[in-house]
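Undergrad: Now for the letters of each chain:
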Amino acid sequence: MTDTLSLAPKTSPRTLPVDDRGGPRQPMLIVEDLKKHFPIKTGGAFGGLRTSVKAVDGVNFTVAKRETLGVVGESGCGKSTMARLLSHLITPDTGSIIFDGEKVGASGGISVRDLRRQMQMVFQDSYSSLNPRLPIVDSIAFGPKANGVKGSVARARAEEILGLVGLNPRQFARRYPHQLSGGQRQRVNIARALAMEPRLVVLDEAVSALDKSVEAQVLNLLARLKEQFELTYIFISHDLNVVQYISDRVLVMYLGQVVEIGEVDELYARPSHPYTEALLSSRPSMDPARRRTEPPLAGDPPNPVNLPSGCRFRTRCALAEEVCAKVAPVLTPLPDSPTHPVACHARQPGAGHSLSPAA
Amino acid sequence: MMSRSARQAATPAPEAPAMPQNRLVTVEDLNVRFLSRDGDVSILNGVNFTLDRGEVLCLLGESGSGKSVTLRALMRLLPGNARISGRLEVDGHDIAAMKERQLRPLRGSTVAMIFQEPMTALDPVFTIGQQITETLRAHKGLSGGAARKRALELLELVQIPNAPARLKAYPHELSGGLRQRAMIALALSCDPKLLLADEPTTALDATVQIQVLLLLRELQKELGMATVFVTHDIGVACEIADRVGVMYAGRLVEGADVGRIIKEPLHPYTSALMRSTVHAGMRGQVLDSIPGAPPDLAALPPGCAFAPRCQSARSLCVQDEPGSTSLPAGRTVRCHIHGAEAAWRTSPPLAE
Ligand SMILES: Nc1ncnc2c1ncn2[C@@H]1O[C@H](COP(=O)(O)OP(=O)(O)OP(=O)(O)O)[C@@H](O)[C@H]1O
Ligand SMILES: Nc1ncnc2c1ncn2[C@@H]1O[C@H](COP(=O)(O)OP(=O)(O)O)[C@@H](O)[C@H]1O
Ligand code: SF4
Ligand code: SF4
Ligand SMILES: [Mg+2]
Ligand SMILES: [Mg+2]
Chain A
137 MTDTLSLAPK TSPRTLPVDD RGGPRQPMLI VEDLKKHFPI KTGGAFGGLR TSVKAVDGVN
197 FTVAKRETLG VVGESGCGKS TMARLLSHLI TPDTGSIIFD GEKVGASGGI SVRDLRRQMQ
257 MVFQDSYSSL NPRLPIVDSI AFGPKANGVK GSVARARAEE ILGLVGLNPR QFARRYPHQL
317 SGGQRQRVNI ARALAMEPRL VVLDEAVSAL DKSVEAQVLN LLARLKEQFE LTYIFISHDL
377 NVVQYISDRV LVMYLGQVVE IGEVDELYAR PSHPYTEALL SSRPSMDPAR RRTEPPLAGD
437 PPNPVNLPSG CRFRTRCALA EEVCAKVAPV LTPLPDSPTH PVACHARQPG AGHSLSPAA
Chain B
20 MMSRSARQAA TPAPEAPAMP QNRLVTVEDL NVRFLSRDGD VSILNGVNFT LDRGEVLCLL
80 GESGSGKSVT LRALMRLLPG NARISGRLEV DGHDIAAMKE RQLRPLRGST VAMIFQEPMT
140 ALDPVFTIGQ QITETLRAHK GLSGGAARKR ALELLELVQI PNAPARLKAY PHELSGGLRQ
200 RAMIALALSC DPKLLLADEP TTALDATVQI QVLLLLRELQ KELGMATVFV THDIGVACEI
260 ADRVGVMYAG RLVEGADVGR IIKEPLHPYT SALMRSTVHA GMRGQVLDSI PGAPPDLAAL
320 PPGCAFAPRC QSARSLCVQD EPGSTSLPAG RTVRCHIHGA EAAWRTSPPL AE
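Protein chains in written order, with the working numbering: chain A, 137 to 495; chain B, 20 to 371.
Pulled out of the complex, with its shape left as it was, chain B reads as follows (with noise of 0.2 Å):
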């Protein structure tokens, strides 16, 4: 493993975290808006959460729902429409204020991102060695030799067979799953504290998809890495998860630790996210899809954003946008059911 005071050396200290020692991030009313001449429109909506250092995250969520802009938020990864307000904190540093040239040393180093498709971070025209040699020289300052021997190190940390090969290649030349394992080395070769995941197993097949996940939470606990992990795949967030965090149109709808979610989800569009999703034995069975569509998030209805598609709905939930409820064991809920009880159960049913 790299030493810490290479670390210290590539990357500024913090200054004096003024929050518990191992919060690693803190996301408070997280709004992000793109401009355009539409109109602009609000993606996200007053997103919330903390991650302690060494813990994994997932966010699920359907398809436009602001996973991959939350996660491109912490590191300020977003277009130049895009208009971020909030509170942003990442290892101590209030990443929502930096200039852009006191972040860049960060990306790559204190936090790393791996996608879905590999080629968007690897670059064809180098091979795997030379791109994360490179990537050592530039972010931690090794010698050449150095930076060689780390980087077969770290192709041999993430079970590429036949590594010494390997590094000769060309990206194109491996197969999907050595791909994305030679990008999980090029994201770990500065030895991040905190890892950005952007579906990174949702094109590979299972047998591939389960090594992956193996990897990735062994090299977690090895290296006390914190995670993002976005997928939209239960099943995963099952195998890789500390907590869960559910979206719906730009809002965190429900936070709990991943074996209480799958237990006892509590935000009706959590259960009907299960309830659609295709387990073993349900052959012959007319399956249960949430009926409409997402909605639009130019013109959000007023109150719960889901209440179009809710079947316990009320005039409450057209009217008033529920807030967060804090829950026991740590959990979280936007939901009136869970909120403002009472008044949710007088409200009366909606009309057709």
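Next up, chain A with everything else stripped away, as it sits in the complex (with noise of 0.2 Å):
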């Protein structure tokens, strides 16, 4: 490997000791029946009516520390509002977020504040996430500052972690963002990231924007922090490749909510909602002689102001039946698999599909 990121000085990662209040059995986050409905108005006559977009409706799940959560599904399905409910940059309708613990938000548990310390996100847009006139050194050493580091130490921590992302500092931390170039910019987010030592990443398309090459550098570099400051990761992404590389397990998202979750190499080897099977085989051919001939899954989601009643990917599954209109699945382990829960009544025992496996 040639990667100028291995290069870069193992220095002692954290300067802070990790705070690990619940031990490594406690998940890093458990999220319980996660809400956000945002209001809208329809046309009409008198102030039109007034009905909701459902972007996160009843999420529940666990990551456990030190694991790499690979979050999929369909664009608007409500991935980017999630992770904005995370972090409390939205505040969630309904539900409650633990972190290593302890209730977020709630008396005796942590404070928003420590939390979106210890919970850092790193966007797609590299651009619009740092400030155009700062120096990336400064935009680094911002956060720190204004949690009370001292600016002379923040700045030097700054151009330490600039090293470790393979940006050399002699060289950048004096650049401005549009004198970096889309990958090194990616690299500075995720510096700005760092540079408040969080213990759980959140990544929203953070690679998506960039080449290949340079995304494969910064997956490395993932990968690297990761075991370096014993990061918890939470890799939201289109690219089902690049999501089943750096997982340890997947959660799959239809219109607001969970449809399967599943350990990486079983969601991939065995997809068992009809949707991620789909959606598992959307994936480029990677070979022209053997080309897809029909798309897995036709139309368009529902309207997400009008959603159908029972399963919400009834109007486009194959295998719909008369129950999944009525009933709404659950997410439920599959009886083979308590480490695989999937929402769909035909891999339910007794949930009255056709296909459901005997009880």
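Everything labelled a hint here was simulated from the structure, so no lab data went into it.
Glycine included, C-beta positions come from ideal geometry on N, C-alpha and C.
Mixed in with the good hints there might be a few duds.
Have a look at the derived ranges for each label pair, beta carbon to beta carbon [what the hints assert, rightly or not]:
hint: 1; chain 1: A; residue 1: 162; chain 2: B; residue 2: 276; range: 48 to 58 Å
hint: 2; chain 1: A; residue 1: 241; chain 2: B; residue 2: 241; range: 56 to 66 Å
hint: 3; chain 1: B; residue 1: 145; chain 2: A; residue 2: 438; range: 18 to 28 Å
Hints are included, so try docking the two chains, each in its own frame, into the full complex.
TA: Below is the structure:
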């Protein structure tokens, strides 16, 4: 490997001791019944009808310490909204978030301010997340300074972290965002998140805008930093190959809900929700002699304002039956795989679908 | 489908073509420079390719390698500070020599363009129906009624569900995938012979991307339309390309049938690009990223532009710029290993 990043000094990764309160078995994050409905107005004579987009609608999952949880799903299914809910950038309507055993925002729990230090976000648009008028070293030092770290200390630390993400501080520290390539800017964003010494990093399409060779550099960087800083990742992406590469477990969303969660190898080998199956077989074939001939999923997702009854996927599901319109399936472990929950009647014993396994 | 005579009426008939019957595009020694106060920058340095009618060429390469500039040069859609030289022929028209006034009727009729961000092509204040109808009336001289009927057909052609209702929708009321299809419908409205597509599926999720790719492939076959398709995703090229052109630092460094490029890349940059792409089954491995960064186009190194990052570089490579070598099966490659092979082999390795 001639990757410049591996030349970075292996300095002590953290200045603060990791405050691992709950111990290794306590999940980093427990999300229970998280909901966010955005109120919207639809056209109409008397000021319109008040309805809502159910962007995130009752989401439950856990993330273990030092795990990478991949999140996939159709555009608009609520992935970014969920990411912003997790760090309370927007306030959930209902539900609770438990960070290392401490409930967020509850009395006796962890404050939103402390949560935001320990949980950092990296977004796709590396440009808009950096202040164009600040040299990047100051952008990186900004967060720690706002948290009370002395200016000179924060800045020295920022330079060190620039080195860690493979940008020589002597060459890059004083540069402005527009003087960097997309891949370099994305590394600055990662550096900025790391400067806060987070324990959980939420990456929302963080490599999606990068070229393949730069993407490879940033993915290698993320893997190395994860080891070095003992990080936990939530990794949101449209690129199913990248998600498979980086994740330990994968969560699949459809229209505001989780439809399947599984350990990555099992989920990719045995996708069990019809949507997951369609999603995975939508990957380009990588063999021009064996091109796809039919799109695995036809049509468009239903209007999120006016959702179908029962199972939200039934309007596009090849397996849909009567029960699917009547009863909303609940996320339930597969009978032969307790760590692989799926929300589909056809996979649940006694759910009343002709394909339901015997109870 | 549009009648042929309607098209003839809308675009001037080409002068007697002096090229093979099914040759649609010829690009020879295309150079593009951008002028600026800090000095001129050569962005394209001698790009050559041809495209037959109905053929799909994918341009692959890193960002900044000149894919979009190549595409835009084909229709002279570059900003005012751009200087183009070389031969550019599309459907018998000498694009490089034409006046702006003569080019305008070609754009959107003989040649149409689609982009990554459909909002750059769609006007937010008009409905999808209004925009397609207006284009049909302006370019094809259709009456209002005929244009509306055709607009509906086009939305159905691009598989927009519930097409009559969607004609009345504004662009922002459509999902990303539908918007992309509306833009394709608009681009197809004048029955183009050449479609220029700049990363039209890069922003879409996997299920919608494959829908749009299959749709483009179907339309392209059905309409006999040639396509130049810019992407940085090899998987996308596998799904849609007949031929692939790989760009690096403003040059086409390799050209071949898509199957051959995938199975047996010849240029070291092409191989490195493939190795760095994340495939299924690479979990836990350190990815083989290409060291270093693409060169600054304002200060290209002498010799091969890829040399500073190339594991096979030798002294020859930093002295002489490799020319293009033609190989069997219509392959071309710009690399000393495949050109002056003996010279490359006997050239001393680079000192550290
Ligand atoms: N502030 C808001 N007001 C109204 N609706 C919103 C708002 N923010 C998001 N939405 C809607 O919520 C849904 C989920 O959006 P979100 O951005 O979370 O999707 P996503 O899964 O991240 O999509 P993508 O893959 O395209 O990034 C969408 O239907 C979106 O239009
Ligand atoms: N209007 C312009 N003025 C100056 N340079 C430009 C202009 N447009 C593009 N470039 C430069 O031309 C090079 C190639 O750009 P482009 O063709 O867009 O690359 P890509 O291969 O990513 O599509 C880049 O270095 C870019 O910065
Ligand atoms: S519950 Fe029914 S409609 Fe929903 S995914 Fe399963 S089979 Fe399809
Ligand atoms: S010419 Fe030399 S440096 Fe350039 S790609 Fe070929 S071997 Fe590498
Ligand atoms: Mg998003
Ligand atoms: Mg481009």
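Undergrad: Would you mind marking each hint as holding or not holding in the structure?
TA: Tested hints:
no., hint, verdict
1, 162/A - 276/B: 48 to 58 Å, "holds, 56 Å"
2, 241/A - 241/B: 56 to 66 Å, "holds, 57 Å"
3, 145/B - 438/A: 18 to 28 Å, "holds, 26 Å"
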